[in-house]
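Chains as they are written, first to last, in our numbering: chain D, 19 to 400; chain V, 415 to 789.
Hint data in this document are derived by calculation from the structure and do not stem from the laboratory. Heads up, a few of these hints could be off.
Computed cross-link-like contacts, DSSO-like style, restricted to lysine-lysine with a CA-CA straight-line distance of at most 30 Å [said to hold, decoys possible]:
1. D/K123 - D/K42
2. V/K582 - V/K536
3. D/K42 - V/K536
4. V/K582 - D/K42
5. V/K582 - V/K696
6. V/K697 - V/K660
Please read these numbers as outputs of a predicted model, since none were measured by experiment.
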Amino acid sequence: MKVSCLQDGLQRALAQVSRAVATKTALPVLSNVLLSTDEGRLRVAATNLEIGITTWVGASIDEEGKLTVDARLLSEFVNTLPNAPVQLSSESPRTILTVQSGRDKAGINGIDAEDFPVIPSIDAEAEGFSVEVDPQVLREMIGQVEFAAATDESRPVLAGVLARFEGQTLTLAAADGFRLAVRHGELTQPVPERLDTIVPARAMRELARIIGDQTDPIRIAITPNRSQLLARVGETEFLSRLIDGTFPDFRQIIPREFATRLELGREAFQNAVRRASYFARDNNDVVRLTVHPGEEEFMPGTVEVSATAAERGNSQSFVDASITGPETQIAFNARYLADVLGVLKQGQVVVGVNGANQAGVVKASTAEDYTHVIMPMVIGAQ
Amino acid sequence: MVTRSKPVAAAGPGAPGPLTTPAVAPHGWPVWGHDAAVETLQGAVARDRVRHAYLIAGPDAVGKTALALAFAAALSCLEPPAPGLACGACRSCRKIGRGVHPDVQSWDLARQAATAEKSGGKNTSMTIETVRELCATAALRPMEGRWRVVLVDDAETLQETAQEALLKTLEEPPAFMTLLLLADDLELLLPTIRSRCQVIELRPVPRATVAASLVAAGLPEPRAVEVAALAGGRPGWAHRAAADPKLLQRRQETVDRALAWVAGSGYDRLVTAVRLGDTFTKKRGEVFADLETLLGVWRDALLLHAAQPTYLTHRGETAERLQELARGWALDDVHRAVCAVQTCIGDLEANVRPRLAMESMVSQWPTTTTSRPRP
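Turn these sequences into a full structure, and let the hints guide you.
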């Protein structure tokens, strides 16, 4: 291999793929990056067998070839080089990469590219399942959903985010047994048949990070054997292995009607929850919502947000709300409330409850595309 | 339930070396002996009726890993020459051969040591953290092929909690996964683990087969026979020994030690027994290896006495020296000594005080003609 490219391009590419480099691994080749020549460009790829990131750097290629070298060492060395052309070369079958910039030179011991896992490319999968989606919509969708996925891995399906492609809609859903987040988004064109895939939540977060400020549509493809999801984001390709299994039917869990419905200002509610959460910390994060409807019909009511910790003290905050339905009381985990209020963008939120022991729903008052279900915490009689 | 700890140094037969990759046996897999096991697994691949979990059990270096990898290769081969066989040349086969196939993962003590959060531990048993990590990735669909093969080597060292953590994955792995548990000793695994796997027991391989595998790998015949005799039915050991003269030399040193012990006076024998007994807690594995060699030496004495030199483990000078010693003993005496060694090994496994077990053993050995009363 004999390649010449600019230092800043190479540095950016190495930083981009670094998130997919395995840190502690039984397979040494996974802590390496794959460098290969690809139709007049230098392809840089890394994978930890859960996600893979591939990106391309403009380069002038004198001799084709490929090799893997330690990702950290290469990027550390390249980062300190001046912004000038960098020559990368290796002489097959020797697996030493020579990196040269002016008088600075390094020989990095590598591993044969053959040992590197095969990372499918989105172009090669053109005949398979493929859709396009707006990048900023997708990024927002991921942000509103991924935190609800389970962090313990005892139920692998719940450690992932469901991505359902149906008609012209992409639905993302995540649940951990205590809460459920569902968000719908639009695809640029309809898909012929419904397809469910489960993507690890970690991989989803990584995809959102890669999307960043990207504005060009993102192409998403699923490999024909339904084993991997591929996403093309600008000059970068992202791969995630999919989780095998069936996601629980979340539509059954979402209550359609509410005995009591509150509509209140998101920021005021968020602040009230935050104040209560400091006291709730010592009491299993229990935050109590007591709903006081207005004295007369169409009069605004109030929601009392309170928390009590035997050792620490207690707090009450009141938030104005327009309330339909009878007076009620329900307790939620403060972190769950804070999480969902943090990802809603709209000024007004709707909270729907059906008594103290039924799931509550939080959503935006104006948009119907996001629904968040939280299971209540059991509170004793008071 | 006892969890046996195992030193990491006792690496599987997959250790690198020029002769460690056995040539392909007549049935088409690079596994020698174990024909019934190979037939079962080949049939499973050929008929596409692969079980979700197999438990391959047998002594160290008998061929468990070789069998498991041959099975993985046959399952994953991209261009199988015939159903149930692997081509050995495609990308998948090459990757499995080099141990870098992303869909053929091996979990063992060495991997645990390499990836453990806190290093410096003794790492003599597989922990629940390792198993949890395995289970967490179990649901991921294959990376390159149709199958994922998960090898759990050193399974006999799985702690009880680790075994329990494995149960759920073992019971219902995804459809594309087959789990291969490799264990030296079946009895050290929970019955709930055993009942969830198809058990494949590997027995020591006949000496002639081990020799044939060495010849097929390019070793000259007389030397192959010599190494095979020492291998104790373990092709993996034979191939390592053929590639590594140091291993043979170490083995000869162990034999010499055992012979000196047998040939010693009553007093010397007792001193050796006490010394070995005292080091048992620290060097458990080595003491067991010494006792196994000792058993081989006594067995040879028995064979020499019965004039059956064909089956001798040790030849040359060792055999001559033994022949000399055996002349002074009655057949009964030698037989009693063999039994005493076996009892001692059993006692030690059952946690009898090491010194006591050893002293009791040597007291049952016949006295040597050269032995003198204690001055």
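Taking the hints in turn, this is what the structure says about them:
Our distance criterion of 30 Å between C-alpha atoms is met by D/K123 and D/K42, whose separation comes to about 28 Å. With a C-alpha separation of about 27 Å, the suggested pair V/K582 and V/K536 falls inside the 30 Å cut-off, and the hint holds. The straight-line distance between the Cα atoms of D/K42 and V/K536 is roughly 19 Å, inside the 30 Å bound, and the hint therefore holds. This hinted pair checks out: V/K582 and D/K42 have alpha carbons roughly 25 Å apart, not beyond 30 Å.
Distance check on the hinted pair: V/K582 and V/K696 sit about 36 Å apart at the alpha-carbon level, beyond 30 Å; violated. With a CA separation close to 20 Å, the supplied pair V/K697 and V/K660 stays within the 30 Å bound.
Going down the numbered hints, you'll see the structure goes against just number 5.
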